[in-house]
Amino acid sequence: MDKYYVTTAIDYVNALPHIGHAYEKIAADILARYYRLQGRDVFFLTGVDEHGSKVEKAARLAGMQPQQYCDLMSEKFQQAWAKLDLSYNYFIRTTDERHVTVVQKLFRQLKDNGDIYKGSYSGIYCEGCEDYLRERDLDADGNCPSHKQKPRQFTEENYFFCLSKYKDKLRQWLSSGDCVVQPESRRREVLKQLDDAELSDFSVSRSRSSLTWGIPVPDEPEQIIYVWIDALANYLTGVGYLTDPDCLSRYWPADLHLIGKDITKFHAIYWPAILMSAGLPLPKRIFGHGFITVEGQKISKTIGNVVDPICLVETYGADAVRFFLFSATPFDQDGDFSKQDFINKVNAELANNLGNLLNRTLTLVERYCGGKVPARAPENNLREASNEVSVVVDKHIESLEFAKAIEAIFALVDETNKYLNDEKPWALFKDNKTVEGETVLLTALEILRRVSLCLYPFTPQLASEIWYQLGYHTKIETLAHGDDFMWELIPAGQLIRNKGPIFKRIDSSCVD
RNA sequence: CGCGGGGUGGAGCAGUCCGGUAGCUCGUUGGGCUCAUAACCCAAAGGUCGACAGUUCAAAUCUGUCCCCCGCAACCA
Numbered sequence: 006m007d008k009y010y011v012t013t014a015i016d017y018v019n020a021l022p023h024i025g026h027a028y029e030k031i032a033a034d035i036l037a038r039y040y041r042l043q044g045r046d047v048f049f050l051t052g053v054d055e056h057g058s059k060v061e062k063a064a065r066l067a068g069m070q071p072q073q074y075c076d077l078m079s080e081k082f083q084q085a086w087a088k089l090d091l092s093y094n095y096f097i098r099t100t101d102e103r104h105v106t107v108v109q110k111l112f113r114q115l116k117d118n119g120d121i122y123k124g125s126y127s128g129i130y131c132e133g134c135e136d137y138l139r140e141r142d143l144d145a146d147g148n149c150p151s152h153k154q155k156p157r158q159f160t161e162e163n164y165f166f167c168l169s170k171y172k173d174k175l176r177q178w179l180s181s182g183d184c185v186v187q188p189e190s191r192r193r194e195v196l197k198q199l200d201d202a203e204l205s206d207f208s209v210s211r212s213r214s215s216l217t218w219g220i221p222v223p224d225e226p227e228q229i230i231y232v233w234i235d236a237l238a239n240y241l242t243g244v245g246y247l248t249d250p251d252c253l254s255r256y257w258p259a260d261l262h263l264i265g266k267d268i269t270k271f272h273a274i275y276w277p278a279i280l281m282s283a284g285l286p287l288p289k290r291i292f293g294h295g296f297i298t299v300e301g302q303k304i305s306k307t308i309g310n311v312v313d314p315i316c317l318v319e320t321y322g323a324d325a326v327r328f329f330l331f332s333a334t335p336f337d338q339d340g341d342f343s344k345q346d347f348i349n350k351v352n353a354e355l356a357n358n359l360g361n362l363l364n365r366t367l368t369l370v371e372r373y374c375g376g377k378v379p380a381r382a383p384e385n386n387l388r389e390a391s392n393e394v395s396v397v398v399d400k401h402i403e404s405l406e407f408a409k410a411i412e413a414i415f416a417l418v419d420e421t422n423k424y425l426n427d428e429k430p431w432a433l434f435k436d437n438k439t440v441e442g443e444t445v446l447l448t449a450l451e452i453l454r455r456v457s458l459c460l461y462p463f464t465p466q467l468a469s470e471i472w473y474q475l476g477y478h479t480k481i482e483t484l485a486h487g488d489d490f491m492w493e494l495i496p497a498g499q500l501i502r503n504k505g506p507i508f509k510r511i512d513s514s515c516v517d
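Per the numbering used here: the first sequence = residues 6 to 517.
Keep in mind that a hint or two might mislead.
Cut-off 16 Å, straight-line C-alpha distance, at most; resulting in silico cross-link-like pairs (EDC-like, lysine to aspartate or glutamate) [said to hold, decoys possible]:
#1 Lys429 x Glu384
#2 Lys270 x Glu225
#3 Lys270 x Glu194
#4 Lys303 x Asp267
#5 Lys429 x Glu441
#6 Lys350 x Asp251
#7 Lys344 x Glu384
#8 Lys289 x Glu189
#9 Lys303 x Asp260
#10 Lys81 x Asp313
#11 Lys270 x Asp200
#12 Lys8 x Asp251
#13 Lys289 x Asp260
#14 Lys81 x Glu319
#15 Lys172 x Asp206
#16 Lys123 x Asp224
#17 Lys266 x Asp206
#18 Lys350 x Glu300
#19 Lys116 x Glu194
#20 Lys266 x Glu194
#21 Lys504 x Glu384
#22 Lys116 x Glu189
#23 Lys435 x Glu371
#24 Lys170 x Asp201
#25 Lys400 x Asp419
#26 Lys116 x Asp206
If you're looking for bench data, these hints aren't it; they were derived computationally from the structure. A quick note: this is a predicted structure, and the numbers were derived from the prediction, not measured.
Model the full assembly from the supplied sequences, consistent with the hints where possible.
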């Protein structure tokens, strides 16, 4: 069976999840659900990054021990993801014991391979930020821009990864046209960064004096493994590297690393180099998606426009949030979340177009066909149109153009609403043209069946509800027969269940 | 000359690579229908496609110059 291993970035737990975090996880979930429905053997990994000085600092501010704080935050993330109906197979935490083992063994492996060497790292550290800065971050006076104080210069012994050794191989890989890094503009950017002299061997550990909350270098507790190896290795831990060889060989390499555009460099340069050194196959695809702004502004705690996904879901439902985020925004570019647009879009598409189509169709079936799916052949033109939609959706999902996939689905919904208006089945039945009327209704039902399948990855609850009202006793997510079920027909004689609106319109006056 | 994204009817966007009647959604106005969730369908109004210049029979689309907005430093995917 064709496997599909998709990962997301793991989020720092120094703050609560916001809509930007959710965006990427939902994208991964859409893919996971879509390919499961296609019958593929899917593994969807997400999780949190719990190490680092920022987390330690956040814990201290909260008056907790780091581990205690991480347990709490990790729980919060999982709660949020549950609310959003994320169907991940494993939630990784970098404090997991087995991850600690993986990171240490990986470190040792790279070192044994001669790719990690001891060097001296010099940097600058701002006491106010409690963080490392870069020279170019400083203001004109050489001060930290936030704290207006001179940062502390320091030099310490620590370990470096020999990136320079892999630059040629990386260049080759990135140029191989194997659609490795996407979007294309990001691939070119990364290729350019490879030629940058500033991109040299990078530090992979810190001394305990500057970083305590992390995984120690094996046999050298005074050195703590720095973020790159620790965080990136989660993709290996998640599928059982060193602990479950069967799982590893089943899923590795990843088919897709889904990441924010800001960390493309680490995934497209550092990570493959580490894998090369470890002698592991490289990921097939890395996609750096755009960010979500809120009401036209960057998500920022200072501005105070952080949107809490849990709150959003509790108010509007997971489907509405999932749907809006991916219908309104091209995935490779930045998109905006505006409450007014959100309500407009969701009401128009989910309630008015789709919900009402289902509702009017089922009411007609109840009234004129005794609530049973008529035994007729569907009309060919619309049936072909819906065949086409499946193909188009497949293509767009493959290229991660979610908005285009949704657009194609709703074009079919619109067409079907128009079809009912034109064919007027209620009039056909009144004129005793029963065969014609039944054909029209069967066609609409059949399209609704396909729409619910196509929509399932995006709006699982809504799709399941349509599936249920169409009279199925099976659960939509248990279907996994590859393509064939897509081309079947809704069974004649099946009793439909008209349970009223599947999506209640949001009252736009309740915008705060 | 630091890098990148963007400026298209009231709002949000597509189209720009591979020049050829400017398209979609929402909103507005008028009409239709009554199966349906004040829904659905039809029609109309509304744009010198940031500015200027150039290439061309023809430019939103190619070339050049310029203007404006937003990221790239911090909390932050």
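A quick look at each hint next to the structure:
For the hint pairing Lys429 with Glu384, the CA-to-CA distance comes to about 14 Å; that is within 16 Å, so the pair holds. The hinted pair formed by Lys270 and Glu225 fails the criterion: a straight-line CA distance of about 29 Å is larger than 16 Å. A threshold of 16 Å between alpha carbons decides the hint, and for Lys270 with Glu194 the separation of about 9 Å falls inside it, so the pair holds. Pair hint Lys303 plus Asp267 holds up; C-alpha atoms about 14 Å apart against a cutoff of 16 Å.
For the proposed pair Lys429 and Glu441, the alpha carbon gap of about 10 Å is at most 16 Å, so the pair holds. A C-alpha spacing of about 45 Å is found between Lys350 and Asp251, which places the hinted pair above 16 Å, so the restraint is violated. Restraint check for Lys344 and Glu384: the C-alpha separation of about 40 Å exceeds 16 Å, so the hint is violated. Of the supplied pair hints, the one linking Lys289 and Glu189 holds, its CA atoms being roughly 15 Å apart against a limit of 16 Å.
Straight-line distance between C-alpha atoms of Lys303 and Asp260 comes to about 30 Å, which puts the hinted pair past the 16 Å bound. Taken as a hint, the Lys81 and Asp313 pair is honoured in the structure, with Cα atoms around 11 Å apart against an allowance of 16 Å. For the hint linking Lys270 to Asp200, the alpha-carbon distance of about 13 Å falls within 16 Å, and the restraint holds. Note on Lys8 and Asp251: the hinted pairing holds, with a Cα-Cα distance of about 13 Å set against a maximum of 16 Å.
Taking the CA atoms of Lys289 and Asp260, the gap is near 5 Å; set against the 16 Å cutoff, the hint holds. Note on Lys81 and Glu319: the hinted pairing holds, with a Cα-Cα distance of about 15 Å set against a maximum of 16 Å. A threshold of 16 Å between alpha carbons decides the hint, and for Lys172 with Asp206 the separation of about 10 Å falls inside it, so the pair holds. Proximity of Lys123 to Asp224 is assessed by CA-CA distance (about 14 Å); at most 16 Å being required, the pair is judged to hold.
Between Lys266 and Asp206 the CA atoms are separated by roughly 22 Å; this puts the pair beyond 16 Å, and the hint is violated. Distance check on the hinted pair: Lys350 and Glu300 sit about 15 Å apart at the alpha-carbon level, within 16 Å; holds. Among the hinted pairs, Lys116 with Glu194 is inconsistent with the structure: their alpha-carbon atoms are about 29 Å apart, more than 16 Å. Proposed proximity of Lys266 and Glu194 is supported: the alpha carbons are some 11 Å apart, at most 16 Å.
A threshold of 16 Å between alpha carbons decides the hint, and for Lys504 with Glu384 the separation of about 26 Å lies outside it, so the pair is violated. With a C-alpha separation of about 33 Å, the suggested pair Lys116 and Glu189 falls outside the 16 Å cut-off, and the hint is violated. For a cut-off of 16 Å, the pair hint linking Lys435 to Glu371 stands: about 15 Å separates their Cα positions. Distance restraint check for Lys170 and Asp201: the Cα-Cα separation of roughly 15 Å lies within the 16 Å cut-off, and the hinted pair is therefore satisfied.
A C-alpha spacing of about 21 Å is found between Lys400 and Asp419, which places the hinted pair above 16 Å, so the restraint is violated. Note on Lys116 and Asp206: the hinted pairing holds, with a Cα-Cα distance of about 14 Å set against a maximum of 16 Å.
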